[in-house]
Amino acid sequence: MDATTNGQHPAVELTGVSKRFGDRSGTEVTAVDDVDLTIGDGEFYSLLGPSGCGKTTTLRMIAGLELPTAGSIRIHGEEMGLRPPNKRPVNTVFQSYALFPHMSVAKNVGFGLEMRRVPQSERKALIDWAIELVEMGSMAHRKPTQLSGGQQQRVALARALVNRPEVLLLDEPLGALDLKLRHQMQVELKNLQREVGITFVYVTHDQEEAVTMSDRIAVMHDGRLLQVDTPEAIYERPTTRFVADFIGKTNFLEATVAGADEVVLANGDRLRLPSEHASGSAVAVTVRPERLTVHRRGEAPADRHTVDGRVETVTYLGNAVVYGVGVDWMHLEVRCPATLAGDRRDVGDDVTVSFEPQHAAVVTG
Amino acid sequence: MAVDAPTRSPGDGPPVLEGTSEVATPGLEREAERAKARQGFLLGLPTIVYLLLFFVIPLGFVVAYSFATRTRSGRTELRDFNLDAYARLGDDIVMTVAWRSLWMAVVATLICLVLAYPLAYYISTRSPMVRNLMLVGVMIPFWSNFLIRTYAWRVLLDSDGLVTQAFEFIGLGDGRILFTSNAVILGLVYGYLPFMVLPLYAAIERIDWSLVEGARDLYASGWSAFRRVVWPLSRPGVIAGSILVFVPSFGAYVTPAILGGNKEGLLGSYIVLQFLSARNGPVGSAVSVVVLAVMLVATLVYFRSGGKNL
Chain A
394 MDATTNGQHP
404 AVELTGVSKR
414 FGDRSGTEVT
424 AVDDVDLTIG
434 DGEFYSLLGP
444 SGCGKTTTLR
454 MIAGLELPTA
464 GSIRIHGEEM
474 GLRPPNKRPV
484 NTVFQSYALF
494 PHMSVAKNVG
504 FGLEMRRVPQ
514 SERKALIDWA
524 IELVEMGSMA
534 HRKPTQLSGG
544 QQQRVALARA
554 LVNRPEVLLL
564 DEPLGALDLK
574 LRHQMQVELK
584 NLQREVGITF
594 VYVTHDQEEA
604 VTMSDRIAVM
614 HDGRLLQVDT
624 PEAIYERPTT
634 RFVADFIGKT
644 NFLEATVAGA
654 DEVVLANGDR
664 LRLPSEHASG
674 SAVAVTVRPE
684 RLTVHRRGEA
694 PADRHTVDGR
704 VETVTYLGNA
714 VVYGVGVDWM
724 HLEVRCPATL
734 AGDRRDVGDD
744 VTVSFEPQHA
754 AVVTG
Chain B
6 MAVDAPTRSP
16 GDGPPVLEGT
26 SEVATPGLER
36 EAERAKARQG
46 FLLGLPTIVY
56 LLLFFVIPLG
66 FVVAYSFATR
76 TRSGRTELRD
86 FNLDAYARLG
96 DDIVMTVAWR
106 SLWMAVVATL
116 ICLVLAYPLA
126 YYISTRSPMV
136 RNLMLVGVMI
146 PFWSNFLIRT
156 YAWRVLLDSD
166 GLVTQAFEFI
176 GLGDGRILFT
186 SNAVILGLVY
196 GYLPFMVLPL
206 YAAIERIDWS
216 LVEGARDLYA
226 SGWSAFRRVV
236 WPLSRPGVIA
246 GSILVFVPSF
256 GAYVTPAILG
266 GNKEGLLGSY
276 IVLQFLSARN
286 GPVGSAVSVV
296 VLAVMLVATL
306 VYFRSGGKNL
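Going line by line, the protein sequences match chains A and B. Residue 710 in the numbering used here sits at position 317 of the first sequence, and the numbers go up by one each step. Residue 206 in the numbering used here sits at position 201 of the second sequence, and the numbers go up by one each step.
Because the hints were derived from the structure by calculation, they are not lab data. Keep in mind that this is a model prediction, so the values were computed, not measured. Virtual Cβ for every residue (Gly too), placed ideally from N, Cα, C. Please note: incorrect hints may appear among the correct ones.
One side of the interface only, derived from the structure: several residues of chain A facing chain B at Cβ under 8 angstroms [unchecked claim]:
id, residue
1, Thr-423
2, Gly-445
3, Thr-462
4, Pro-482
5, Thr-485
6, His-495
7, Gly-505
8, Pro-512
9, Arg-516
10, Leu-519
11, Trp-522
12, Tyr-709
13, Ala-713
For reference, chain B alone in the conformation it holds in the complex (with noise of 0.2 angstroms):
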């Protein structure tokens, strides 16, 4: 507050002493406090310099490389800097694998949604106890490595897999889906489900549970309360849960490459194949790139929908 404003209006609040501002030295407040910020600077150095070193200036490499020249022999050299491998972007083939992986990403995110909602809305309705126990089961999976788990499906999904003989005796007709999109997209949901139902019980535990009997108290049909009242106030869960599936869903390898057999090119399985067979680095980072930027720009998106549970 301006002490020595002449012209306080009767509405200014209490009147500030005259002198009170001499009473306190300012330099010392002002050392005080940047000394509480160099000890949090500290306090975080250590992972500051581990997610520099490991993390920052690999994927400035990246963005480097994927600007960089390709050499006849498959070498990338960080030379004569320029955009063939973003030209190269418009490449049917690439066009391709990129819609092929959105349009997988965006399905298994819709699956998951469909699958974890209703999940989510039971789990967050019952009793302390049995919500915790819930939690902890749709945990469970992590227990044990992605990989390993994905592996098993393929031995489900195998032509005289558990699965697959199941599916045949119940006669929903032909059982073997590996190596096809439909293993690819069950694979993906299966691994990402929980990323779906955690931030959607986090949203929907914390509704009012007030705001929908106002609802109904107002002529609202159940159906009506949850449209108008539940679905809305839940959205950040829906937004954050289809974030986190979306995201890993997009540059998918692991399961594309296990359950699909990169039969059909995905972005993931593309990139290596850019790195590792085409050696093309120039391609391949720029590739990731563009997909580093599409996750940005979902998560920007989540966060300007004013999110924060992620």
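The following block holds chain A by itself, in its conformation from the complex (with noise of 0.2 angstroms):
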């Protein structure tokens, strides 16, 4: 492979791609609306959203197993257009991982290969690497029906990872996983990517997941890109309240822009805090439970940010506690390290809440 034409341009680029699916009353739903996206080449990107949200479908078109209504998609450069699946450079780990029941696991794994016509030779040895990377060397005369679930799903990505794809799209594959299994596969296959240096595309709807691996994330809403960007930032900074509750727990605080850098609370607090919106426009703040820190009335530090409340609901979690606290014109959850008992605030206790400028998000929507 050529590092030099990869390198002009990305892995993956969309530019205004939709799909519109046609019933036959002859009302259209827009799987997909004006999507622009670019992943750069060896990114673990992830496209997180609910289902229906349009994430499968822009991962499908890309494969080739659809065609968009609309835009142009392009794989390191190069237009896909009308291209069948089989003459993309790309490879899919299905969410069902679609084995082929009646071969081996070898045979399965061999499938691109023997497709695309590679010498006998080379095959077995590329299918010997494919099968040894995924830890399946014992298991390769078997049959997909002989296998655990997570064998199955080892043996879909190595199918995929053995035609070295430009690009690996990846379908919910862990999806049909027990959780345990699940959290080993995430740290396996964020490691076989950096081991092979292919651009992953991973679909999922499991926020966790999409934070633990991904390099970047784009959170998809109703077919369209809501934000793009690292786990952390989508996490600490999300620009629309879909993807603050999206991505873990939060908490709104009802506000209206005041200026560049300023909000008004819906309870006439101020807060200097920054954001593009218009004057005048109304957003909310958003905090995080962890961010917030419960006080006796009065007693929070002057340099956070302050709401008066009363606590209604006190939940021990083990390595954490819960606090909800119920302020006059809404409610927050605050979530605290587990303290001894005699040290927790009680029901019923005046308490204030308070956070730092810099843990607060303003968010539209």
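Can you join these two chains into the complex? Each is in its own frame, and there are hints to help.
This is the structure in structure tokens:
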């Protein structure tokens, strides 16, 4: 593979891509709505969103399994147009794995090589390499039905990686695994991606999965891209209410923009928070529960933003304590590191909730 | 699980409590199971009796007749059991008839397969609504009698029949195929095509479409994806359909009689001939037994190849 030509172009580039499905009655559903995205070479890029947000359709369009209604898809600068999937330099790991039930593991893994007419002599070494890569060496002669879900998942991965695609597309590949195995596979997938250096485009609805593995996350909703950023930026600096809410738990404080770097909360408190929105637009200030602290009423340090309230619920989680605090105009969730019982606030206590300005973000929508 | 096994390894699962085996009474459990089995037998009894009377016993007669002795007057008598009838099976006439029947059944089966596969594929890729409508369509011919439909073909294929005239009109040469083996094959294909379509449909419909996408994604062209994924996975349907067409075609009687005019003898008509005209029960029975054996082997092949949806 010629590194210089690849270096000039992003691995995947979508420009104005839309996909509309029409049904018999003539109503059209827009699955993907005017999406622009650029995925860098060697990046672990996640498309994250709830089911029906268009992430899988986007992935399928890159694979060539769906054709876009409008827009352009380029892979390393090359326009894909109407190219069928077998002529695209990508491979897919399907949600259902789609392993061929009538072929052994080795046959499954070798299928792509066989179709590309890779000489038999080279094929064997590549198949062995891929099967070893996913640690399935002892299972090469088994049929997929004789494997567990996790093992099938590995075979699906090997079957795609053996072709050394320029881009690997993964459609919720861990969705069918149990929680423990999923955590283990997350780490393995990330290591694998570093090892092989292939661009991964990863579709998931699991925000934790996306945050742990990705270099960048694109959050999708209703067919649109809402925000593309590093996991940290997505978590700490969401730009829309949907993103803030979808990634982890958060609190929203209704507010109005009062100037370039000031918002007014619903209770009249002023906060110094920069935002790009016009004065007077309705926004919300979002603060993560773990960024909030509870103090006895009036004991909060002066350099922090404060809101007064009363403890309504206390939930002990072992490693943390979650307080539900009622402020007269809303309800806040505060997550504190667990303290001993004597040091805890009780239901009914008057408290002040505080946070640092840099931990708050202004969101719209 | 052996409760008293002294050498349990740690991987054997949870230990069984000592003495649990004394709580349940083993005899009662077995009795309950036996009662259940008895109940099932009683439910099946009427059908079992029916099949015994009208299928198993007559079949036994056929087998017995095939070893029986034919008297001078043409009566079959169950004495001096011998293999004379089977020796006759090597006769040229029997061999000719058998090979012709086999050839026709194979041709009819292949034509059905070639016609049915694309249709079954098409049906199974439609929406459920359209699918059901088309399946009903495939079965519509069954709503009228097989004999009547075969006679209808005779009218169509008559020298001044619609099909004959149409053939000649579009210049496909002499359309008079009635009373030829072509007419018989046409009739067999017409009669048994649904038996090919339905199992093929059942097999293709079950194929997970994402497997085809997987193959396409792994550089397979549309044709390769079909050849390497769809075709092998639809094999149970191909085998089931082929047997369902082959078996009745091999022993067909009505179609060759009406459309073939019995000019070229087939096994079905040969058996009838032996019983009614030649009055040779043993030979007729022996041919029947051999035909049954061939069909049995075909069916066994199907089950051995892992097919289920017969």
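Hints and how they fare:
1. Thr-423: Since chain B brings no Cβ nearer than about 21 angstroms to A/Thr-423, farther than 8 angstroms, the hint is violated.
2. Gly-445: violated, 18 angstroms
3. Thr-462: Result: violated, 19 angstroms to nearest chain B Cβ.
4. Pro-482: violated, 10 angstroms
5. Thr-485: holds, 5 angstroms
6. His-495: Hint holds; A/His-495 Cβ to chain B Cβ min 5 angstroms, cut 8 angstroms.
7. Gly-505: Nearest chain B Cβ about 4 angstroms off; hint holds.
8. Pro-512: Since the shortest Cβ distance to chain B is 15 angstroms, the answer is violated.
9. Arg-516: This hint is violated: A/Arg-516 lies away from chain B, its Cβ roughly 13 angstroms from the closest one there, beyond 8 angstroms.
10. Leu-519: violated, 13 angstroms
11. Trp-522: violated, 17 angstroms
12. Tyr-709: violated, 33 angstroms
13. Ala-713: Nearest chain B Cβ about 35 angstroms off; hint violated.
In summary, the structure is inconsistent with hints 1, 2, 3, 4, 8, 9, 10, 11, 12, 13 from the numbered list given earlier, while agreeing with the others.
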